[in-house]
Structures are given as structure tokens and as C-alpha cells.
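S.K.: Chains as they are written, first to last, in numbering that gives the first Met the number 0: chain V, 0 to 344; chain Z, 0 to 344; chain B, 0 to 344; chain S, 0 to 344.
Quick caveat, the hints were computed from the structure, so don't treat them as lab data. Some hints here could point you the wrong way.
Pairs count within a copy or across copies, as identical chains cannot be separated in the list.
[As the list claims (entries may be wrong)] Each computed BS3-like pair below joins lysine-lysine, with the alpha-carbon atoms no more than 27 Å apart: (1) LYS124 to LYS185; (2) LYS275 to LYS55; (3) LYS39 to LYS275; (4) LYS275 to LYS185.
There are 4 protein chains.
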Amino acid sequence: MIDISIAGASGYTGLELIRLLLKHPEVRFSTLTSETYAGKSIAEVFPSLEGHIDHKLVPLSENIGNTCHILFLALPHTTGMKWMPQFLASPCKVIDLSADFRIKSAEIFEQWYHTPHLQPDLLPKAEYGLPEFHRNAIQSARLVANPGCYPTSVILGLAPLIIEGLVNLDSLIADSKSGVSGAGRKASLSTQYSECNEGVSPYGLGNHRHTPEIEQELTRLANRDLNISFSPHLIPMTRGMESTLYAKLKKEISTSALQEIYQRFYQGEPFVRILKPGSFARTGNVVYSNYCDIGVTVDSRTGRAIITSALDNLIKGASGQAVQNMNIMQGFGERTGLDFPAIFP
Amino acid sequence: MIDISIAGASGYTGLELIRLLLKHPEVRFSTLTSETYAGKSIAEVFPSLEGHIDHKLVPLSENIGNTCHILFLALPHTTGMKWMPQFLASPCKVIDLSADFRIKSAEIFEQWYHTPHLQPDLLPKAEYGLPEFHRNAIQSARLVANPGCYPTSVILGLAPLIIEGLVNLDSLIADSKSGVSGAGRKASLSTQYSECNEGVSPYGLGNHRHTPEIEQELTRLANRDLNISFSPHLIPMTRGMESTLYAKLKKEISTSALQEIYQRFYQGEPFVRILKPGSFARTGNVVYSNYCDIGVTVDSRTGRAIITSALDNLIKGASGQAVQNMNIMQGFGERTGLDFPAIFP
Amino acid sequence: MIDISIAGASGYTGLELIRLLLKHPEVRFSTLTSETYAGKSIAEVFPSLEGHIDHKLVPLSENIGNTCHILFLALPHTTGMKWMPQFLASPCKVIDLSADFRIKSAEIFEQWYHTPHLQPDLLPKAEYGLPEFHRNAIQSARLVANPGCYPTSVILGLAPLIIEGLVNLDSLIADSKSGVSGAGRKASLSTQYSECNEGVSPYGLGNHRHTPEIEQELTRLANRDLNISFSPHLIPMTRGMESTLYAKLKKEISTSALQEIYQRFYQGEPFVRILKPGSFARTGNVVYSNYCDIGVTVDSRTGRAIITSALDNLIKGASGQAVQNMNIMQGFGERTGLDFPAIFP
Amino acid sequence: MIDISIAGASGYTGLELIRLLLKHPEVRFSTLTSETYAGKSIAEVFPSLEGHIDHKLVPLSENIGNTCHILFLALPHTTGMKWMPQFLASPCKVIDLSADFRIKSAEIFEQWYHTPHLQPDLLPKAEYGLPEFHRNAIQSARLVANPGCYPTSVILGLAPLIIEGLVNLDSLIADSKSGVSGAGRKASLSTQYSECNEGVSPYGLGNHRHTPEIEQELTRLANRDLNISFSPHLIPMTRGMESTLYAKLKKEISTSALQEIYQRFYQGEPFVRILKPGSFARTGNVVYSNYCDIGVTVDSRTGRAIITSALDNLIKGASGQAVQNMNIMQGFGERTGLDFPAIFP
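Please construct the entire structure, taking both the sequences and the accompanying hints into account.
M.R.: The following block contains the structure:
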């Protein structure tokens, strides 16, 4: 039994961490922080939790790491990094759900996030928390940078094509569709119900902040420089994310053969499911679970692989993956606390 | 560890039973039936279940009860009753999620369901499976008639007012709003996405089939005849149900005093949560859980109690309540397999 | 051809006024105001208008009334009333879509809106702009208080029962369901997409500000004091509002007979449609139109009339009704600019 | 004033034709057909139309063309073509909203639609009804094949890149997202509310029937063979369609320069709006209008043009475009009956 704390417990990823960890047999809650709701109990903020947890919310303090084994940072980007040295000076390990330590280069971080990186010296210590590719490094890491939701769906979908050398690296395109909860829990005009209901809105085409994260990790897997066109779209649903991925095949291959390559590639992975040939990944089959479903298609007319990848943006795209990383870091079974199916309908 | 079977596994309540029971520590699956999908595996019908269960679906047979301890009937109304004698002749106990054995009078059943009741002799053997009021009888029942979703929300909300004698019995009104999943899983024009999205549709006002069920049970609690105006509405969401309940108070009482009465009334109930005075029950706080939230308000200007009651129509309104009944019948802890919070957002 | 100005053009009711008046053959636009977006063109704020109007937004000034025949105030409650004397000193007529001049008693206004009324002397000059009951007074009014969306749906639904003396005046209940656009266009946590999608939320039961407005107008029609229980609910759709109305009948009457009374009552009304006996009012049949559909049912088992009333909250519940009032005030045909059917699906 | 008839009036495109033509100053209704609802009035089928039209529905007959100037066929694919010779033998002109006469080659039609083409001889007589490219031919056509919704959004978006020779023709990708009304009005399990709400579903990747239509028309514009990867996705909204289009630029160009090319290209087009550089096309700005909005972006990092194109699938993607074609065929002003802005929110 370990103690865990959550900084930023009153946001959606914080709430989802609480909900998942409530049913995790190996953890108990230490500190939950919130600046906005400090003094209230978490069940007052989220009545859905009534009867399950009643911790009082407190403001974040730099010594939070002294009273827990794992500290989850579920804070807005750039707000947690100022105290990272203090967190790491404590005995705890840190899983940071923000983007602060995902980009290895402080320069690239500053270019895309338009703010200086406060802890460039700590960047080498952070491991990118995508278990499917960095399980060993995560196991021994003190600081895990939990991946973004879009990068998780795109990297898992494209990795086999890239690692197996099947496609031209200058042909990569990711067209992603996300539910609105990805925008977080804050009052904003653009994510008001009436503003985004019943409409699809492309945004950040060509300059979304998840682009360098995707490119960094795919480059690492390919061992060769590459770039990608990444196009996110907001669609009218609360949860779920689907990426349709395009890449030019170097040579002809059938859908079945490509699907087998994917199946072999992810053999044994607890949270990646490769669909039958001809099936496409639908968010309806993964929401509320930690799965990423991947559908494999070859468009033989155009010589492209078209991969569909679906996950729950708050679970495999955020809090579920963070729990998976915790399981790895602590030596728990990787499915512990995450071993449930999606909910449909 | 007991064996359970589900007749009608390819509908929404069947699926929800499977999903809940997969995480129940005391059960394992015996037989899953489906006429439409017989021969397929359940995970082919519902890919959300992939990796968790792979039972082959078979047609329903009259001797299904021989190979399980509990048989759940998740069939459309009037399709399961023909074999009820055979089911009860086997060693299993039956939890029937349809309406077939909820109405004690075959005559009233036939009047509202417009079809003859095939097993009037068995009606006295069926216990109405609302644990909050019939826990003891359920414990020893061979056949439990699992309540309808609307009746569960209305009865739980009104019972304290009626049992405590606080209101005029001729003043009862239930205005209920339901998500679309309550209509079940079948191709129908009226529940097509484009037909019911972005609109609210009252239906069955004054003649919905859940009316006699509500009246029968409230009459039983009141020990006096009563009737109710019951008005269901279809609203554009998949899950969730809210009932706003009106009753004329016999004498003045404050909201706080009435809320305390409710709190005392449901003291110790594992799945009923009484909200603070001035809070209203919202489906967002109960969906995907087995809770029924109840908000208590006195409209002192008009002398009415206005009660709001919210639940998940597929869980506390159907499959979760069925599992709760199973727990009672088998002597398991009543929260076993149901001890999780709602999911928000 | 008259000149019209709109104060508060960058809100939803302002936008809807623009959209409707663009197709009105008798008006042209003078001034559009917005504090937030002053300096921008209206089509920059609402790209849906691109190619149709390109007026520059300006801040509201007290002499706006000098350059138009009709001034529409589409401002938040209590922000327009400070300059009402100046507006009325100009040659223009005013149609106020806010609640500021709906309540005849400054005292009652202050009790429900928790702010002093700044122009109690002007209250007698304002006519309540519900054309079905006050057409003549509206015709000669200088200041029309455009009704709230909830009051429009409730008053139109209950009026025949009350005026014809068919029901007990102490038995009135209105259970209303509204789309989210009724909350207006502003960043707010509670109306964020992820907060209110897929859920139904009762709010303001027993103390919503539209209650005194409904009671005032029904009292005026009944010529006798009365009160009502009014329960609004937020449901997950952008537009539309449905009220289910309950009243105890003084004596038995059939649904058909009651429906005929309604039909006769609203004979000749251009925007009230009485449905066939046994049909219920659905928002899907009225959205994007100026109609209010009314369904009439007698629940003979309980002796109640149950009336369903549906309208588009931004049209018959706000901007469309304002245009209807303008047509009456200017002697245009009452359907001018409003003579279009609802849009389905 | 001309007489128009609609075959298939009880589907969504039929209803939308009726709604649009009701406000068209130059037409009156002759015959409305429906097999399913023959004998009923159209307002009984669609109560939204009550008070505006009350034509009785009749079954389709082969001589329907004798009593109208324009016959709209809003029938399911392959059901109208059997009587096309009779229709064309009558004095009327035909606008066919189905796919039957869009594909010029009967062979390709049969390959993608898996059914023989019954009227191969008539294929050369049909003009593809995309006014932006075939206005003159449409003007003199007896039979217009009204384009599909996906093809309209894709062709309008890609045409300038192709005609101006700016991109590699083997690099074309269209990733499209559609609301559910595109599936038409029929009971089907996959488009049940609960099945497709809150989820995104790719479908038909690599083999959707609109692919050959897109390729045929782009080939015609390019005057060179080409193919495209076309990926449709169903998303949870009733109306609207957005296509994100990718093409490799032959040489560097700035977003502004490309946007100017688009603007010049569509100069004077009444229903194509080119957005400012850096803006993306959102369905929320076009729904309920006949506009197609196009956003132009250059992803300079990857050397791609990324074009976003949004329209209302039932209007510019179907019935509105059909009215636009009628206007051209009859010499009416092209905006007649279509000159209204989108509706937001």
C-alpha cells in the first residue's frame, strides 16, 4: 500500500485520477490540492464522489512530496515546473500529466509554448511515459512526463509503420478528432455548450503544441528525422479521441499482412487492441477504458496505409496512462486498477 | 463463486449486466443467449468487451436454468414468461428485468400491456425487487421482478412523503426525463439519432405502462389507494433519468426539516444519497453508478414538496439493481461489484 | 422602410434579431452595439453572417434612439434600464428583451432580482409584449417589455384553462425543460460543454426569477390571485424549450373537448398551433420558427389537464417575439419576416 | 412561376427541398410522392410544416413529369432510374439528388454500387450539378445529377490547387467528418441515437462510394488522371460536414498567397466563402445555409496545403444545391430562395 498525492485535483484529469485510484488496491490518498477550491472537500466540488472520498482540498505546497510515494501533477502547463526541484528532493516519485517535461529540448519547448522553461537541467531526468515503448526506463524513473492525448493516439498508431520501415517518413499525416473534455475544466467562451455543440471545428492546424511531441517521439523510434502534418479537430462529444493516420507505403502489402504486423508488434501489450482487418477504430468501443484500439487498412488504390486509432482522452490519453506508469514504477501488475472494459452505450 | 446466465445478452441491459458482473468477485458466466446474434461471440457483437469475455451466444432454451445459480432475463417484455415454469422448475433463481412479473394483477397487466399474461399463477411468487423496501422478501425469493427505471426513480423519491403521511395522496405528480438508451437496442425510426437529437419529446402522458407499477408500489407503501399523474419525456442524452416529483404538503414544513426526514428514512441505504437542502438531483452526478440521488425542496409559496430524483437508467434503473438483488438473494455484501462512484464528466 | 438599432448585438438574442431582421422587408439596420467587441464588425464576431451584413459594432450611447425608429435592447438584465428615460425622450420606440420592465411592481422586481429598480416611474408605461393577449396595447406602446422564454411557454399553455375557468387556481404546476442557449453567450463553468452535456439539471426550483412574471400575467388573465410551482431544467440541447403544465380540472372533460376549447381560444393566432388530441408538443417541430405548439391531454384517471407547450427559446421565446411585437407596433403584417416553418431535422 | 414536384418527399432531402421551396418566390408545388406515407398529408409526416403546406402524398408514377416544370428526385440510390426515360419523355426537367447519374461510366458505377446501371444510354445526357464548375452546361441540361455531399465539400476545397497546378496529384487526401442526417431517414441500428451519440466512427475508408465521384470530377478539372484517399467519419451531430484536405505543394508558397489564389478563383461565386488566412472552416458557421466555407493553410514545415471545407450536408450538400441548380436551369437569380445566412448557435 502506497500513499499518493494529486496536485490539481479539481480538474478533469485530477478527478479521473481520483476515480481510478479509488478502486486501485495498492494505494491510499494522502494530499489533494486545488487553489480554486482550497478549504472545500473534494466531494463538494464533485458530488459524483459523494460517499467514496471526503478529503479536504489544500493549496499546493513545495513540500507535498514528503508525504507520498507518488505525486501526480495534474496542473495546467507551466504551473508545476517551478517547484519540480523541491518535489524531486523529497522521497517521492513524480508523474507529471502536463507538457512541461515532455519535450527534451528547452528551446523547442519555448518555441511552441511561448514561455521559458524553468528547469532545463531536469529535462534529461524525465522519461516520456509511453509504456509500450519505454517500459524499462519508466520503471526506474524518478520523473515521468505523461504523454499528451493526441501524441498517445498518433504514436501508437504510426509506430509499427515507422519502426518496421514500411512507409516514407515524409508522408506522415495525422487527422485527429477530440471530445471537448480535452480542453480542461475552466470557463471559456469557445467551449461553452452552445458554441461547440452540433459543430466540428478544426483548430491549430500546422501549429498545435502536440506536434513537436509527436515528432520527437517518432524520430526517436525511427532513429531518423521526420516531421508530420498534425490536424486536431474539436467535435461535439465529451470524451474520446480518434486519429486517422496516413502514410505512403514503400511497397505493396495487403491489409491482412499489415494487420498481422501490427498484431505481432503489440503482442502482449495489455492496453493496445489491434482490430480485425477491415475494422476501424471507434471511440465508442474504448471510452471509459484504458484501451487504445487500432484499425489497420491498406488503401491499395493510392498505396497508403490508413490507420485508425481510438482512445479515451482522459484515460489512456491522460489519467489511466498515469496509473499505468505508476504501476510500472512501483512494480504493481500493469493492469492493476485498470482492468475494466469500455462502457457502451 | 456462483454461475450466472443472461437471457438476452445482446441488448443494452444484457450488456450492462455482463460489464458489471465481469468485475463481480463472486460470479462466473455460464450461458449468454441471443436470438439475433446466436453463433457469434459476445465480443463480436460488442467490441467494447474484447479481451474480457469471449462467450459464444446461443439461442435461449427452456432448460437454461439447469446450469446456473442465477438466471437474469434481459428480454423484451412478454417474451420470457412463456418458459417461466421451466425456469423455476430448475434449481436456479430468476431475476427478470422485464415488466412481466411486476404487476401483481394479471388483469391490470393485460389492460396496460395489451396482451394476455401467460403465467398468472406465478405472479404471487414474484417479489418486486426494490431493495430499499423489500430486502427481506427478496432474500428468500425464487423470482424477483426487477423494477422499471421510471418506477425506481419515482418510488424512491416519493416514498418518504407517503409513508410519513406528509402529503395529500391525490396530489402526486411525476415529471420524468429519460435518456434514449431506455428505448433499448433495436432499429426504430423514432429513436434514430437525427430524429431525437436536439429535441425534447413528451410521450405516453397519462397512459405510460410504468404508471400502474408506480401506483401499485406506492399504494402498498401507503396502505391506501392512490393514483399519480406520470409524464415521461425523451431527452437527447444516452443515459440518465431524472424525475421531478410534486406533492401537496398537509402542513408547513421547512426544506431542512423535510431533508432531515429523508436522510433519516434512507439512513444506511447503500445506494440512496440524500442531497443537502437546496441541492437538486442531477443525472451528471450518478451516471455509470448504482446511486439514486434525491434532492428535497419545499416550495413554501405553494405548499408543495418538490423532490428531484436522479439515477442511471441502465444501472440503478435496470442492471445494477438486478446485481444488487442478486447480492441480496445470495447473501453477498449488497455493494459487492457495485461499489464505484459515478463518472463525470 | 424603418431604421432599427440593436443594443447588445453580440449576444445570442442580438444575433438572432439580426438574422431575422436581415430578411425582414420593411427594416434596415442603423446601429449595432457591443461593449466587448466594439470596433469589430459584426461578421467578425459571428462569421455565420459573412456576406450579409458588415456593420461595425459601437459601444451603447444614451442617444442611440435618435437614429432609429425601433430600438431593441438585447442586454443583460438591469444594464439597459439606466438610460431608459433618454431612450424614451428620443423619437424611437423601445422593445426591451431583458426582464427590466416585465414586472409591474418595483418591489417584487427587487425581491426576485436582488437589485433596486432604477426607473419605477416608467414601469406603468411598459406593455408586456405577449401579442396573443395584449395586441392592442402593444400597438400603441412606446416601450414593450418582451416576455421571458419560460413565461411565454407557460402562459400560452395555461391561459385557456384559466380564462375559461376550467381548473383550480391553486393546482398549477409548470415543469419546464430548456436548451442551454437560454443561458446566454458568456464564459461560465456551469454551461461548459463537458459540464452540461449528457445530463439533465433541475435548477432554481421554487425561486426562479420567471416565477413572478408568470404569476403576474396569469393573475391578470384570471382576474384573481394565484400562484404556481415553476421548475426549470437544463437539458443537453442548444435550442428549444418545452413546458409540461399540470392543473386540476374542476369537472370532467374529454381530451377532445378540451382540445376544441384550445383551438377556438387561439383561432386566428398566427403563431400558436394547437395539436390534435393525443399529440404532445415536441421542440423538434418548432425550433428555428416563431411557433408555439400546444398539446392538450386530459389525464382522466387523476382529473388533471396536462398541457405540453414547445417553442424555440431564442425565437418565440425572445427575438422572434420581439420582431412580432415590432410588426404590431409599426402596423406591418404580423407574420412579416417570421413566416417560415421550423427546421427538422 | 413554375410547378415543381418532388419524388421522395418524406426523406430528409425531400423535406429540405420542401422547406426551401416554400420560401422560393418563383415556384409552386405540384406533386409530392412517398411510398411509405402515401395517403397522408406531408404535414402529418412532418408536423414542422403544419400551417405551410398540406399536400397529400401519392405514390410515384411514371408520368409525374407531365404536371411539373422541374422534377426533383430525392429517392434512395437506384430506385428512380428505372423510369428516367419516361421522366425525360415528359416536358419536365429533372434534378436527381441520388447518385444514379453522377458517374459517367456505367462500369464504374456497377463496380462501386454493386448493381447494374439500368440507363447507361442516358448517362451522357446528365450534367454533374456543381454550379461552380458547370454553370453553363447546367443551364441547358434536361437532367442534372446533383452532387453528393462529400464530393461537394472535397471538390470545392481541392479544385483551385489542382486547376492552378500547385500540388502533386498523387498526394491528395480527404479526411471528412459528417453529421448523422447524411445517413437518411430510415430505421437502422447503426444510426440509433444510443449507438452513435458521443462517439466518432470512421467508415468506408478506401472504399466509400463517393470516391469515384470525387476522382471523376477532379480528373475532369485536372485534365489528368488522379486518385485520392477518401476517409469519411460519422460524428455525433445532426447536420454539417467538414473535410480536411491534404496535398503536397510543388513549391513553397505562403498561406496568404495561397489564400489570395483561392479568393480570386472563387471571385463572384455566390455560395463559396474563402476565409481569412489562418482561419479554419467550421460547420457552425454554415449550417442551415447554402454556403461552403473554405479555409486555406500552408503547413510550411511539411510543404503541404491543408484546406478545410465546411457545408451543411442537407443544403449545399444536397437540397440547397438542387435549388441552386434549378435557379440556373430556369434563369432565376442564382441566390433566389437561398439568400439567407447560416444559423448560429
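S.K.: Does each hint hold? Answer for all of them.
M.R.: Here is how each hint holds up against the structure:
Taking the closest pair of Cα atoms, LYS124 and LYS185 never come within 27 Å of each other, the shortest separation being 31 Å inside a single copy and 43 Å across copies. Taking the shortest alpha-carbon separations for LYS275 and LYS55, only the inter-copy value of 18 Å comes in at or below 27 Å, while the best intra-copy value is 47 Å. With identical chains, the CA atoms of LYS39 and LYS275 are at most 27 Å apart between copies only, with a shortest distance of 15 Å across copies and 48 Å within one. With identical chains, the CA atoms of LYS275 and LYS185 are at most 27 Å apart between copies only, with a shortest distance of 25 Å across copies and 39 Å within one.
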